[in-house]
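Same order as they appear, the protein sequences are chains A and B.
In terms of numbering that gives the first Met the number 0, the first sequence has 7 at position 8, counting the first letter as 1, and numbering is strictly consecutive.
In terms of numbering that gives the first Met the number 0, the second sequence has 67 at position 68, counting the first letter as 1, and numbering is strictly consecutive.
FYI, nobody ran anything at the bench for these hints, they're computed from the structure.
A portion of the hints provided could be inaccurate.
Unchecked claim - Just a sample of chain B residues kept apart from chain A, beta carbon distances all over 10 Å, derived:
id, residue
1, 30
2, 39
3, 58
4, 90
5, 112
6, 197
7, 232
What the hints assert, rightly or not - Lysine-lysine pairs mimicking BS3-like chemistry, simulated, CA-CA at most 30 Å apart:
id, chain 1, residue 1, chain 2, residue 2
8, B, 112, B, 61
9, B, 61, B, 125
10, A, 35, B, 128
11, B, 125, A, 35
12, A, 35, B, 112
13, A, 66, A, 76
14, B, 61, A, 35
15, B, 197, B, 125
16, B, 197, A, 35
No experiment lies behind these values; they were computed from the predicted model shown.
From the three backbone atoms N, C-alpha and C, an ideal C-beta is built for every residue, glycine too.
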Amino acid sequence: MSREWPLWEVFIRGQHGMSHRHVGSLHAADAEHAVKNARDVYTRRNEGISIWVVEATQITASSPTEKGPMYDPARDKVYRHPTFYPIPDDVGKM
Amino acid sequence: MDALFEFLLRQGDNALVLGHRMSEWCGVAPALEEDIALANTALDLIGQTQLWLAYAAEVEGKDRSANDLAFRREVYDFKNLLMLEVPNEDFGRTLLRQFFFDAFQVPWLDALKASSDQRVADIAEKSHKEALYHLDRSAETVIALGDGTEHSNQKMQAALAYLWPYSGEMFVDDDTDHAMQAAAVAPLPSTMHAAWQKTVSATLSEAILTVPTDPFAHKGGRTGFRHTEHLGHMLATMQNLQRAYPDATW
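The task is simple: from the sequences and hints, build the whole structure.
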């Protein structure tokens with residue numbers, strides 16, 4: 000058994016933030032402990048009002064070696080960007 | 000000595016001495032995350048110190064500042080609890096001491112929010128929130144270490160045996176306390192004992208630690224009558240800069 004605490008990824012929602020953003024990672028014994036550590040490590044300067052933590056091993060990530068097949072096909076599909084539609088002014092900020 | 004001044008010194012010195020002890024972990028704590036957490040706690044306590052001692056200096060009215068009170072008083076002028084000045088020894092004992100103090104501060108500061116003295120109430124209002132988090136954290140760590148490995152349990156039990164005789168000093172009322180109660184500035188410290196006992200019993204039992212039964216209690220710190228030999232060493236470090244370079248600015 001490893002003597003190291005497991006690694007946790009930390010997500011913080013800021014004062015005016017709409018969503019939680021990944022801010023970094025830390026070590027902690029369990030989830031509760033990870034929230035406290037996140038509070039102490041990542042919100043010291045009034046950065047956040049909500050914290051999520053997830054154990055790093057629970058994250059399934061795409062493989063960097065599959066970059067080509069995964070992302071290249073989207074590169075020349077400019078028509079997928081909604082830039083060809085005029086947006087009326089009175090719609091306001093989208 | 001003016002009772003209010005004495006009372007404010009006690010509040011400020013408790014926060015200052017414990018804050019300094021906690022700061023001694025900066026850079027050497029067992030994990031980076033704990034290092035930062037302990038430094039945060041230390042900074043909260045030093046922040047509380049500034050508020051208490053600034054008000055103490057005003058009440059004294061002898062043109063001294065919070066800094067003068069912190070860095071230019073001698074051992075016997077300090078009014079902190081003895082428990083707070085003894086060395087950290089190890090991480091477990093440091094956190095157990097913090098827990099004992101937090102378990103007192105939470106009901107104490109909560110009560111001070113209703114103080115007849117508005118400045119005291121304001122300082123308590125701000126500090127109470129910090130104390131609630133400190134207690135949450137220290138209690139959790141005490142449980143994790145007590146109910147950890149056989150080795151960590153033994154170390155915590157040893158820490159408990161060492162610190163327990165110092166815990167009684169928190170609840171001894173004296174003339175200053177009675178004067179503060181009469182002026183509705185603060186309740187008697189002894190009235191905090193039931194709440195403290197409740198928090199401590201619940202946490203220690205969850206931490207599988209056996210509470211000592213010896214009623215002996217060290218005292219003398221908060222009256223300034225008798226400090227341990229450790230405070231002088233601590234102040235020598237803490238006050239060195241102001242002693243060597245009086246009024247240094249940067």
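These are the hints, each one checked on the structure:
| no. | hint | result |
| --- | --- | --- |
| 1 | 30 | 6 Å, violated |
| 2 | 39 | 5 Å, violated |
| 3 | 58 | 32 Å, holds |
| 4 | 90 | 14 Å, holds |
| 5 | 112 | 23 Å, holds |
| 6 | 197 | 22 Å, holds |
| 7 | 232 | 29 Å, holds |
| 8 | B:112 x B:61 | 27 Å, holds |
| 9 | B:61 x B:125 | 27 Å, holds |
| 10 | A:35 x B:128 | 15 Å, holds |
| 11 | B:125 x A:35 | 20 Å, holds |
| 12 | A:35 x B:112 | 26 Å, holds |
| 13 | A:66 x A:76 | 17 Å, holds |
| 14 | B:61 x A:35 | 43 Å, violated |
| 15 | B:197 x B:125 | 24 Å, holds |
| 16 | B:197 x A:35 | 24 Å, holds |
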